[in-house]
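First to last, the sequence lines map onto chains D and G. Per this note's numbering, residue 1 is the first one in the first sequence, and the count goes up by one each step. Per this note's numbering, residue 1 is the first one in the second sequence, and the count goes up by one each step.
Think of the hints as simulated: they come from the structure by calculation, not from any bench. C-beta atoms are modelled at their ideal positions from N, C-alpha and C, and glycine is treated no differently. Hints are supplied without guarantee of correctness; some may be wrong.
Here are some of the chain D residues that sit facing chain G, going by a computed Cβ distance under 7 Å [unchecked claim]:
1. V34
2. R85
3. P93
4. L95
5. V97
6. L110
7. L265
8. H268
9. L275
10. V276
11. P279
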Amino acid sequence: MDWVNAVVQGVLLGGLYALFASGLSLMFGVMRFVNIAHGDFIVMAAYGALVIVGATGLYPLWTMIAIVPGMALLGFVGQRVLLNRTLGEDILPPLLVTFGLSIIIQNVLLEVFSADSQKLQAGWLETASIPIAGGLNIGLMPLLIFVSALIVIGGLQTFLYRTPVGRVLRATSDDQETVRLMGADNARIFAYATAIASAVVGIAGVYMAMRTNFDPSVGPARLLFAFEAVIIGGLGSLWGTLVGGIILGVAQAIGAQIDPGFQILAGHIAFLFVLVMRPQGLLPRMRG
Amino acid sequence: MTDTKQHYVVERSTRTSRFASGAAAAIILALALAPWWAGLGELRILIEIFYYIALAQMWSLLAGYAGLVSIGQQAFVGLGGYLLFALAIFGGLHPIVALVVAGLVTAVAALPIALVAFRLTGAYFAIGTWVIAEVLRLSFAQFPALGGGSGISLPAGIVRDMAGSPEGRQFLVYWVALAIAFASIALVLALLRSRWGLAMTAIRDSRPASESLGVEAYRTKLMVYVLAAGMTGLSGGLIFLQKLRISPDAAFSVSDWTALVIFTVVIGGIGSVEGPIIGVILFFLLREVAADWGSWYLILMGSIAVVTMLFAPRGIWGLISSRYDLELFPVGRRLRVDPERRDRKE
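Looking at chain G on its own, in the form it has when it is part of the complex (with noise of 0.2 Å):
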């Protein structure tokens, strides 16, 4: 007999995938050297582009992975955001040092918020939520110390001290946004490659089917509610770092913290890590064009998003990566024919 039996090996990442790492790391050092090749005009959009990545990688995370459609992520980009003022203000930190400890706080605050959202679910949750983020949005207005209804500026004094110059801090303020960035998308990796990861997809998946083979759905799905939520306030809190100013309605927006980050997840392809990139990179795009349209861009956004989820519910990335078999990220397993072990059966 010349049967032979193949011996198959698992394979984490493709060679698109080894190029895209290297690509990837020319890309991010590129990035880190702005300051010295773009001007400040340059580098604000950029530092946009960097938080509107996070916030994007986290309500991914949430929706595509975890199966927790959340409307209400804004809870925790201005509970980031004021955090930050008082911690600053009143507490006396260094900004970033500030922005650090917002971060840690919002992602403690989570675990109630999730106790009592995680009661609902499905469609219901994401009311939940958006309900949660409301209540927020009114408390912080009835705090006068906090500039109630109206806001609050960061003071002149903490925004001289916190670098040498305005462009230093410039500088400061687009290097934190960049970290935060790369942050986002390395955390969203780790998970997946994770057995977190894995329990989260069989979650997706099936939830009966996972619990009988011992995955705590509930556990998992908290522990990604409360990482997601830390990510989204630190990035409330560079959003107002660099905006030095803040007030409930802009703190607690839903259309542009949350309605935009889903419209752009859903655009670039949810459930994966490329599509929020490439979402939030077409978003900005499209803006440079139409900004000057007011509430027709909005009109235009949302139009595309549904029409999107209706035919092309994985997004542009879902077309390109089932077109071309692509995977630039290596979170997925492929079976693989070993072709060095291939015994002849006797």
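One chain only, chain D, in its complex shape (with noise of 0.2 Å):
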């Protein structure tokens, strides 16, 4: 019963990890961008949403309220007046650009915040189960988690297949030259993808705030595992990198199962495994 146990928990905590890997499937599908801080957003939204609740006593989850647009306008901002300046042929200083804005992002939340580990107090939300069948129990949370994720991966996909904007989104990651010829404003086009990326960390940022303990130093390894759901996927697919995203959650909840200190180790080692075998991923939809 622990196995079966765990093995739902982890399909509830690849929700978590596929909205931290939704933005960057999103920003790589577009621009074929890798934003090394990515993690380290989604930790800045969770600090935001700390003030926010500190400053008001609002209950955790409204704080997307301002923290979704929030992140997205930054996001926008932030693409036109700097990333945008080091896209190109030259992978390195997209690279290493977002890879010293990571190292920032840390220290001056150090700086401000100091080390301490803190979380959003979700009070009833926290406690409240579900029973299933034979004392099995899924968390209000984790679920609520779970279908967030499925509800802003659909919304995701309806939007880059449905709209207008999501047609040029769609035919930028194809044909960046082309679409530029058709009048498009390449420039424009990836401050969309950047804000529609940067909401989704919101979201995440929230979430991962009321779900666990978090500190300035855990972007990191909220980016390894977003890249890695995403790859596990497959490049380009939003429901591939829910797949992975699953995987990876339920790997490191086996290996939580086996030893608490394998479970992030077991989470990596399923990578490199899918990385062998099958390196496209999953469900891929495009080449890297």
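Starting from the two chains in their separate frames, assemble the complex, guided by the hints.
Next comes the structure, spelled out in structure tokens:
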């Protein structure tokens, strides 16, 4: 029963990882751009929620009303002012600039908030659970996060395939030069893509703050989880990203069941296993 | 007709680079004699400078020439360090012998690591190498014999038997560090001047074009990656031979062994032999001033690196060399008119 429970909890944890990963996946899909500071942006959103709760006493979930548009705006401006300057043939500038940003964000958060571990108290939502057959319980919060991941990914998928802006984003993903010839402004398209990805980062950050302890140094680990979910699922596929998140979550939960020290290691090993056996991922849609 | 046909010669060295070679020989001699003119405190800083030069040269070789941007070089620093401790403690080898073996074994271990990491390209390769370093960090924390998560010290007996006296030990570590820094520069120069160097720059500039001319991109990259890993492992062994204590978090630290190295190389000038040296020297000068600033120091280094990348992507050395057309290390080829051979056209 313990094992069944571990797998179920792992699947639900996978929802959070899919939320981490879908912003990364969207940005790579449209711009061929990997933001090394992605995890630190998630942590930044979590601290934003912490500040709002501290100042207003709001229930943590409601901070999304401010955090999600706030992160989207930050993403839009950041892409226009800073990141667009780094894009081009050479992969070094975007990589190194976002790596520098990652170190800067971690250390600024450390100066402002100290290294103390933080968590948003979600009250009844943390303890509430739905009993399933045979003593198995599903926590309401993990379930809420998982359902949110389904809604976010479904929404992104609809947006990309059913709206005019989504069509331009997909066209840019296929061929930047041609889209520009058709009269689209790449710099603006990239800024929209980053704004959307950052809104998802905002959602992921608030959920992370409610679900787990965090401190300024946990960003890189979130980046690695997001990256692993993207690669396991297959580049460019949003539903694949969800599958990747679930596989990563289940691997971690099973590892933790064997020995608490194996949790993270088991996730990494599952990723490397998929990378060796099936480097294109499980549901690939594009080539890197 | 008085028209003349000019003959050209290809030169590898310039007057500056010949002068620089002489100066380099003098500097190396002075540094080799440092135990007689410097105090133990200065020697300690020089040791640090030397191993950072080696780490920076290797990262610059990978990113600037082979097009392999790695955020996982701490994997090889940690591996070299742990292998040194394991070989000295359980294998009974003299620490210097253990150091050399640790470097070789790290290079061998880099081969299977590369086979996995090379399945990813570009930015994803960078993050993939980071995952592999994390796997090593978490794995070494599971070995109780090597101190588990809290780490292990080099036993006093081994430290004592390394050299006749504590001072002698410090001198020995110093000379080994100097040798490693020298070897790292020599390795990069030798590679760049060989046909492998030509292949590397060709692949970096255009992989399809170079492959169509018969350059084997995969094998060239693999060889550079393994050589850089070996040299990085050697540096890692030296780092922890000086510290005398190792733990998973210190050995596989991304900020100490990769972030700072990347910042120094970017600031000094990526894709040159001079840049990493300049970057490391600047880094140590800055540290003398800003050592007490805590995390503000890393914020400053990161900001300078970001600004450099945006506005002067070839770093400080790039600015100097393009302004004055300088080259201290003879790696390029220049075309020059040969004044002695000038034929009259019939």
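For each hint, the structure was consulted:
| no. | hint | result |
| --- | --- | --- |
| 1 | V34 | 4 Å, holds |
| 2 | R85 | 6 Å, holds |
| 3 | P93 | 5 Å, holds |
| 4 | L95 | 5 Å, holds |
| 5 | V97 | 5 Å, holds |
| 6 | L110 | 5 Å, holds |
| 7 | L265 | 4 Å, holds |
| 8 | H268 | 5 Å, holds |
| 9 | L275 | 6 Å, holds |
| 10 | V276 | 6 Å, holds |
| 11 | P279 | 4 Å, holds |
Of the numbered hints stated above, none is contradicted by the structure.
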